[in-house]
Amino acid sequence: MSRRPAAPLAAFLLLLAACSSSGGGDKAGPATATTAGEAKKAPPGEPAPKNETAFETPADTFVFAIGGEPETLDVGKMRGVNEFAVGMNLFEGLVEYAKGEGPVVPAAAESWKVSEDGRTYTFTMREGAKWSNGDPVTAHDFEWSWLRVLDAATASPYAEQLWILQGGRAFTQGANKDPKSVGVKALDDRTLEVKLEYVAPYFLELCAHHTFRPAHRKTVEAKGDQWTRPENMVSNGAFKLSEWVPNKNVVLVKNDQYWDAANVKLAKVVVLPIQENTTAINMYEAGKLDWTGSVNLPSIKMATLSQRKDYKEEPYLGIYFYRINVQHPVLKNNTVRKALNLAVDREGIVKVVKSGFTPASSFVPKMDGYTAAKGDFDFDPDRARELLAQAGFPEGKDFPTLRILYNTDENHKKVAEMIQQMWTRHLKINVELVNQEWKVYLKSQQEIDYDVSRSGWIGDYHDPKTFLDMWTTGNGNNNTGWSDKEYDGLIEKADHEPDAARRSALLAQAEAILLDRGPVVPIKHYARAFLINPAVKGFEPQLLDLHPAKYISK
Amino acid sequence: MFQYIVKRLLSSVGVILIIITASFFVMKVAPGGPFDADRKLPDEVKRNIEAKYHLDKPLWEQYLRQMDSIVLKGDFGPSMKYPDRTVNEILAEGLPVSLVLGFQAMIVAVMLGLSAGLIAGLRQNRWEDYGAMTTAMAGVSIPNFVLAPLLIVLFAIKLRWFDAAGWNGLEKGIWGHFKSSLLPSLTLGVYYAAYIARLTRSGMLEIIRQDYIRTARAKGLSETVVVARHAIKGAVIPVVSFLGPAFAGMLTGSVVIEKIFNIPGLGTHFVASAFNRDYPLVLGTIVLYSALLVVLNLIVDVLYTVLDPRVSYD
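Those protein sequence lines, which keep their order, are chains A and B. Each residue of the first sequence is one higher than the last, beginning at 1 in my numbering. Each residue of the second sequence is one higher than the last, beginning at 1 in my numbering.
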């Protein structure tokens, strides 16, 4: 009996320890809070809690979290990462992402030929590839699926992705209703011919993108919007849908009909939509999750988390930057924009924000096959002041108050405050912060109703185009009023350049213009931070954060 | 009584119609739409989608369509954020979860609150009273987003008695359900338990001084019978009037709890649908919640007459 009071006492101490770790605020000592740290603080005589999480997930099951309920499991209508995290395991494209970083690998197509001008692709479909109901996967499936996405009646929000096909855009607009006018055609069951609108060396990789993955025609036609229900769905990926309880879980089981089923090690994949990163971490620590998915918490919590052994950071194909409204009477002056750029200490920001972000010296993140232009904006407050004086605002005199717009979020606020401070201190100008709810912020940004606006952009594929297209004149994502004929010309020229090296150089030239006189303040390149069960194998870093479960085992 | 209930229900229908109308126009005024994202949709794509959901029609036509569908068919239409599902389905999936959570939290609140309040009231100014009331004070003061993580760290991560998050229905057995629902029910219920404890205590203190209690005692009834048969009934009247708003509060206030514990209830949609500008889902949740509130208030008013003979609606 005498031992009994010790248990509640120990529990209480643990509770306090936990408090100090989750409570945030003060960073008094080094003792704040890793699980390991708590273990050391346990009262003497008590068995020290285990250093690592004991996982309760079965060995043939991979359980991971996504940041929210998938909007849809209709592969042709998916928009975001939550959908695709599930979708890529259900549906297989002509090609599939490699395990880790690397060129895409053959999947539903076993080989392909590219014409000399780089604009015609001929795919040979894989012999023996089957849908989960046993039907063969044919070239006709792809032709039908792609046309379906383009079709105005489908109203797919991602139809734009397929406008790379000849005549694709006109078909979506309804300007041309003849499906034969679109550059995708099944020559026979095993041959798919694709004609592109322009030269795109990244087209093969696009074929792995969700919008390019096929849906099962008979099922879609018979079941309509209900075809994505577990009882209806027919898919051609390594897994098939077994259960989908919205906001609770999506359960996938191994698809025995899959052509490469022999190499699929998992029997089950469980995807949990969890909005709150803290909740995902709690579940992970309780041993119910193998992978938290990307977590993004206030920097103080990230600092704690990053002490863990199972904490990982991977570069992610994205840029965090500020847009500058070039219609603004003062900001239209490029010298002012340069001054703003030079007064930003990117290293300083990244040090505080953590999570593996890297300071941006270019707009396009690092990727194979492209040497990004380097911007001339290394932190230099003296030069910044000089430039501002040149522009007619010595010591910030008469400079109008600048407003930084950001969408309501703890981390965005932090960055905005730091930049506010840098500009105020180094340029002696007045800076105000304005935060808006997401959709309001989007509207302000699209209507160019701001001075400086926080922005982010995540690439769809490993090619600088996915970051540079948006800055062409009148592009729907430009949102700054910036227009540069030379820039537009270079992008246009790259679209017709079949030689990869020359094309890449053209794009780098365009990027150099963007960095030299564009409407942006590049700040940092993205990273993904997460916790992962050390027993998980086959999970390799990948710039798009795509990890097909067919490669994963435990 | 029957007449009274019918009258109340009829006026409620009017209230709900007004709520639908007001919500419809207010949400259309909010900037942005369901299909705005950081990647702007090309105009032709946006046009196709808007045509599909009739968002290209004039506002009055959209309103009439919506009203027609809701009032005549009870159909809120497809969700714009989750195109694979209809709003009716989403509500039908979320409501039972929220109701069960609210109901369990209610049981926690009533059990803890009543017993603490009765003890405190019967042992006024003794240590039992101070202990119960201090705990109640703490219960009211500690916000649920503080209490929940504490409970999770202790009982789910360290001790692993309960689930850290998630929700199991009865398909995982009673224990499976209990494991996933105890911590959220407790967190949600504690605040109300504290409130109920204070109400019960003051109710008890007031009743115990009433003449009819003195009469009961004078008749020679034992203290237990006096309390159980005569005092409690009077003491819980303020509690009953609190239960309606409390249950409503638990349903609408479960948003935070549902997020922390990742529970697939309605609370999540209640807030998120507005942020997503998922117009049909916004209307659906609003109508559902208003209907619940109306019904709960009515039940409380009817219960009054049962508990307090002085109240009558005829």
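If you're looking for bench data, these hints aren't it; they were derived computationally from the structure. Virtual Cβ for every residue (Gly too), placed ideally from N, Cα, C. Any given hint could be a false lead.
To be verified - If you want the ones that stay clear, here's a sample from chain B, every Cβ over 10 Å from chain A, calculated:
hint, residue
1, ASN48
2, ILE49
3, ASP68
4, VAL153
5, ILE232
Unchecked claim - Just the calculated beta-carbon pair ranges, DEER-fashion:
hint, chain 1, residue 1, chain 2, residue 2, range
6, B, TRP175, A, ALA535, 45 to 51 Å
7, B, PHE25, A, ASN435, 23 to 29 Å
8, A, GLU417, B, ASP38, 49 to 55 Å
9, B, LEU205, A, GLU231, 57 to 63 Å
10, B, TRP175, A, ASN435, 32 to 38 Å
11, B, VAL302, A, GLU432, 25 to 31 Å
Do the hints match the structure? See the list:
Once the 10 Å rule is applied to beta carbons, ASN48 of chain B is inconsistent with being away from chain A; the minimum gap is 4 Å. Its beta-carbon lying about 4 Å from the closest one in chain A, ILE49 of chain B breaks the requirement of being farther than 10 Å from that chain. The beta carbon of ASP68 of chain B is kept farther than 10 Å from every beta carbon of chain A, the shortest such distance being approximately 21 Å. With a least beta-carbon separation of about 4 Å from chain A, VAL153 of chain B fails to lie farther than 10 Å from that chain, contradicting its non-interface assignment.
Non-interface call for ILE232 of chain B relative to chain A: holds, since the shortest CB-CB distance, roughly 32 Å, exceeds 10 Å. Checked against the hint of 45 to 51 Å, the C-beta distance between TRP175 of chain B and ALA535 of chain A comes to roughly 27 Å, which is inconsistent with it. The hinted range of 23 to 29 Å is satisfied by PHE25 of chain B and ASN435 of chain A, whose Cβ atoms lie roughly 26 Å apart. Taken as a hint, the range 49 to 55 Å is violated for the pair GLU417 of chain A and ASP38 of chain B, whose Cβ atoms sit roughly 22 Å apart.
Between LEU205 of chain B and GLU231 of chain A the C-beta distance comes to about 59 Å, which sits within the given range of 57 to 63 Å. Look at TRP175 of chain B against ASN435 of chain A: about 45 Å separates their beta carbons, and that is not inside 32 to 38 Å. Taking 25 to 31 Å as the suggested C-beta distance range, the pair VAL302 of chain B and GLU432 of chain A does not conform, at roughly 55 Å.
Hints 1, 2, 4, 6, 8, 10, 11 from the list above are not met by this structure, while the remaining hints are.
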